[in-house]
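Trainee: Protein chains in written order, with my numbering: chain A, 1 to 336; chain B, 1 to 303; chain C, 1 to 354.
No lab work stands behind these hints: they were computed from the structure. Treat each hint with caution, since some may be false.
BS3-like cross-link-like pairs, simulated, lysine-lysine; straight-line CA separation at most 30 Å [as the list claims (entries may be wrong)]:
#1 C:24 - C:317
#2 A:91 - C:273
#3 B:131 - C:155
#4 A:22 - B:37
#5 A:78 - A:134
#6 C:162 - A:22
#7 A:149 - C:269
#8 A:22 - A:291
#9 A:36 - A:149
#10 A:21 - A:291
#11 A:149 - A:131
#12 C:155 - A:21
#13 A:21 - A:131
#14 A:22 - C:273
#15 A:91 - C:192
#16 A:134 - C:317
#17 C:162 - C:272
#18 A:21 - C:162
#19 B:37 - C:155
#20 B:260 - A:21
#21 C:269 - B:260
#22 A:36 - A:21
#23 C:272 - A:131
#24 B:31 - C:162
#25 C:269 - A:131
#26 C:24 - C:155
#27 A:22 - A:36
#28 A:212 - A:228
#29 A:22 - B:260
#30 A:149 - A:91
#31 A:131 - C:24
#32 A:91 - C:317
#33 B:37 - C:162
#34 C:272 - A:21
#35 C:162 - A:140
Away from chain C, derived, C-beta distances all over 10 Å, residues of chain A [stated by the list, open to error]:
#36 18
#37 24
#38 34
#39 38
#40 105
Remember, predicted model here, so these are calculated numbers, not experimental data. By construction, the Cβ of each residue, glycine as well, lies at the ideal position given by its N, Cα and C atoms.
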Amino acid sequence: MQTNRDNIAVFSHVSIDYPLKKYTLRAVTDITFELKRGAITALVGESGSGKTTLASSLIRCISEPGRVAEGEITFYGKDGEERLDLLPDPKMRAFRWSKVSMVFQAAQSALNPVLTVREQFTETLEAHGEKLSKEEREAKFSDLLGYVKLDAERVLASYPHELSGGMKQRVMIAFALLLDPELIILDEPTTALDVITQNYIFTLLKQINREKGISMLLMTHDISVVAKFADYVGVMYGGRLMEYGDVRTVFHRRRHPYTAGLIGATPSIIGDISEMKPIEGSPPDLLHLPKGCIFAPRCPRCSDVCLTEEPPMREYGDGSKGKCYFFGEADDGKGN
Amino acid sequence: MNRTTTIRSGAAAAGRFFRELGCSLARGCRKFFSNTKTIVGFSIIVFFILVAVFGPLIFPYDPSTDMANAYLMPSWEHPFGTDWLGRDVFRQVIAGTGSVLEVAFYSAVFTVVIGTVLGIVSGYLGGWVDKVIMAVTNIFLSIPSFPIYLLLAAIVTINTPVSLAVIISIWSWAGLCRAVRVQIMSLKERDFIQICTVMHMSKAHIIFKELLPNVFSYVAINFVMAMRNAIMASVGIMLVGLAAYDPTNWGAIINAARTKGLMNVKNIYILLYPLVCIIIFQISTLLLANGLDETLNPRLKVM
Amino acid sequence: MQATTAARPRGKRFLAALGAFFQKYSYFFAKIGISVLTLALSVIALFFLLRMIPGDIVELYALKLQNQQGITFDRAYELAAQLLNYDPNENVFQAFVRYIGGLFRGELGTSYLETGVSANSLIATRLPWTLFISSVSLFLSFFIGIAVGGYVAQKRNGVANKVASGFIAVSGSVPDYLVALLLVIVFAYQLKWFPAQNNYDAFSVTPGFNLPFIGSVLYYAFLPILSYTIVQTGNWILHMRGSCIGVLGEDYILAARARGLSERTIRTKYMKKNALLPLITQFGVSFGALFGGATLMESIFNYPGIGLEISNRIISKDYMVVQGLIFFSAAMVILVNLVVDLIYPLVDPRVRKG
């Protein structure tokens with residue numbers, strides 16, 4: 001099958017529920033898309049759009065009590081394909097980090113404050129049954145930390161609070177590479193960092209992607225980062241995938257009103273601030289979703305049909321797809 | 001004509017004022033009573049207060065002895081039975097309710113006032129004032145409180161609830177003071193206080209108008225907790241036989257029953273009634289404190 | 001000349017080394033300094049508390065000595081003042097100096113009721129029993145509390161958590177001495193399973209390292225330890241559960257799970273290790289509460305520890321001894337808190353270099 005070679009992971013009609021006491025909250029609704037092997041795929045959306053929930057479902061680390069309610073998640077690794085939604089817990093534990101690792105949003109708090117970096121690296125190796133001699137282990141750690149340009153000896157002996165924010169994020173990146181994963185999830189890896197460090201981290205990540213061929217799934221709300229860094233992009237809104245395609249197509253043609261709105265709401269250094277147009281209204285309340293298209297209340301192109309029935313996902317032929325009745329109609333060449 | 005309009009508009013303004021006041025009070029009450037724990041705790045405490053106020057009027061206590069009716073088992077006439085001198089235990093417990101509540105209330109007031117004022121001053125002013133207050137606080141936290149209660153109770157003749165409350169609160173404000181200080185120190189770093197400082201507002205204004213309202217909910221919860229501690233301490237002091245100014249105070253009843261119980265085991269049962277009352281009251285204060293905590297600090301509810 | 005130039009840099013180096021030494025261990029020195037200061041201030045506070053006592057204790061004691069030894073009142077008064085380390089004719093400052101002098105010689109206070117009895121001798125005979133009861137129940141309740149607290153924190157919707165919450169509410173609401181009273185009534189007076197006074201059966205066993213003695217001590221200590229433990233355990237469960245729930249919400253727990261660590265590792269190395277840190281400071285506070293509470297607890301069980309001694313001697317107005325015993329209790333509490341403070345950086349790396 002062709003998909004096996006092209007894709008590292010495929011989500012097919014995935015819905016994720018949070019069963020709460022009085023009601024069930026559907027954080028992710030019917031999402032189908034694939035992560036291309038060796039590429040960097042970005043998921044953009046406002047906070048609460050379900051991007052973290054969706055990505056966490058790859059390693060079954062959705063915050064409690066979230067569960068994958070419907071759909072299939074398939075991972076096409078070197079050792080064959082795995083149905084991630086059906087994987088029993090012990091196997092899932094072995095799968096985590098060895099196949100899919102993660103760089104967290106707040107590196108500050110993603111490391112255990114009472115263990116040194118060395119202890120945390122070592123215990124992760126041990127949890128995955130890696131039997132290395134002490135020398136081999138140290139060599140591996142130095143290699144990885146050297147790769148992210150850190151002084152291995154000092155960093156390994158340090159506790160998390162002794163490292164700066166940028167250093168911690170680099171430690172986390174080295175950590176993510178520890179077991180040679182095939183996919184790394186990047187959950188807003190630079191939000192807490194200053195701009196210069198941000199650039200440095202992204203250059204580093206891009207280098208890892210190109211040199212080691214590791215696929216990446218990046219979650220962010222920063223459109224400019226996506227434009228610079230990612231190969232493919234999925235735009236999420238209210239737990240739904242509104243648009244998906246390669247970055248150039250999606251951003252230049254702005255075929256979906258929400259994508260267009262997101263880009264319009266991004267300040268640019270060169271442009272005038274008056275050109276910046278925020279999307280009016282507020283993100284949807286997942287408990288009281290509007291009938292029809294969930295973006296309709298805020299959509300400038302909203303028409304009668306949008307208010308009654310949810311638009312289907314339409315393929316656009318060039319590999320991109322979108323959820324809008326007018327998908328493609330906005331493509332009047334003005335996006336260049 | 002002119003006058004009537006003024007009066008009319010004045011009346012309208014007053015009406016509006018009272019309507020608004022009523023609304024905000026109603027809103028506050030609704031928020032206050034939206035929590036089951038608060039309702040249960042508050043109702044039990046109100047019940048005890050009612051017993052303390054009206055109980056002695058309905059069931060007056062007669063301290064005269066009636067040896068013929070000593071050690072009676074519970075009956076309709078004597079719901080809790082009678083003691084070794086034939087006095088009605090039920091009426092004793094009711095008569096003692098007010099005495100217990102008085103001490104608890106006064107102690108809580110003193111403790112909260114001393115602790116909050118010193119905590120705010122210490123946290124807000126900082127510097128040597130803070131150092132001095134913290135040094136004093138450390139002494140009060142280091143010297144075990146109970147022996148001191150006993151010592152003070154022995155030195156000073158305690159004959160009123162207020163004097164007992166003073167003794168209890170002298171040694172119990174320190175913990176609250178330290179906690180309030182920590183809260184104030186973190187508040188001080190927040191923007192709105194920084195802005196006040198930049199605007200050269202007076203220290204008194206910042207303390208009373210800006211800081212105090214922000215620690216108010218914390219202090220309110222601690223008022224209830226201080227009542228709990230005061231009951232623990234006052235009953236304990238009476239249990240040793242000190243501060244015996246009111247023989248119907250629950251602690252005094254327990255102590256008397258306990259000491260007499262060494263001679264006749266029948267006395268032991270008498271102390272069960274005030275003891276159960278104390279337990280119920282303490283559970284209700286805990287419920288009220290927890291309920292207030294959940295309402296006033298909603299972030300805890302999420303956890 | 002040469003010697004001085006050689007000595008100066010050495011002296012400087014020594015000073016620099018000393019400075020660096022103090023800087024490196026500034027945390028420890030600050031903590032020790034605060035403890036010493038608190039102790040000193042407690043001495044002053046207790047001294048002035050003693051001066052508030054109405055009536056002339058020395059006179060009472062002198063009268064007693066006069067009767068006992070058949071000496072003149074003046075001589076007896078002098079002797080009494082000397083023995084009690086107290087003379088009301090002195091001004092406050094002189095009295096204070098004398099009092100401090102006595103403390104430095106290790107004399108905490110002499111009884112004027114019983115000759116040959118002092119705070120020192122009472123501490124020697126009574127302290128072991130109080131320490132035995134309070135430390136056993138403290139550790140017992142601590143370990144039960146953290147085990148249960150850690151367990152229910154993970155199963156917040158389970159029955160166990162509801163039971164634990166109920167237990168915490170009730171045990172937190174009943175004063176520990178009332179629990180003790182109930183236990184005494186039921187198990188000592190009513191069922192007569194356990195004794196209601198003393199620390200061991202003085203008639204049938206001989207003190208020493210022998211099985212009957214140890215058995216008797218444990219038998220007599222059972223009810224006091226049980227009542228302390230019942231009340232304290234709820235407290236520890238509450239603290240541990242709260243601390244664990246806080247830690248479970250931290251990102252590093254999620255990150256550890258994402259790294260494929262086993263649930264057992266996450267529970268021990270991640271949740272418990274982090275959740276225990278704030279509880280260590282609580283340990284010192286708890287010890288202080290136990291030591292203070294011993295006054296009442298021991299008088300309910302008639303258990304001859306320091307607490308029973310304090311409450312009995314307060315009632316019999318033997319204030320010199322009381323002062324010494326309370327001072328000693330305060331010193332113990334300060335010491336335990338100091339030890340906790342000094343140990344803390346060894347377990348929490350975040351404080352180590354702060």
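Trainee: Need the list of violated hint numbers for this structure, in ascending order.
Mentor: 1, 3, 13, 14, 15, 16, 20, 21, 22, 26, 27, 29, 30, 31, 32, 35 and 40
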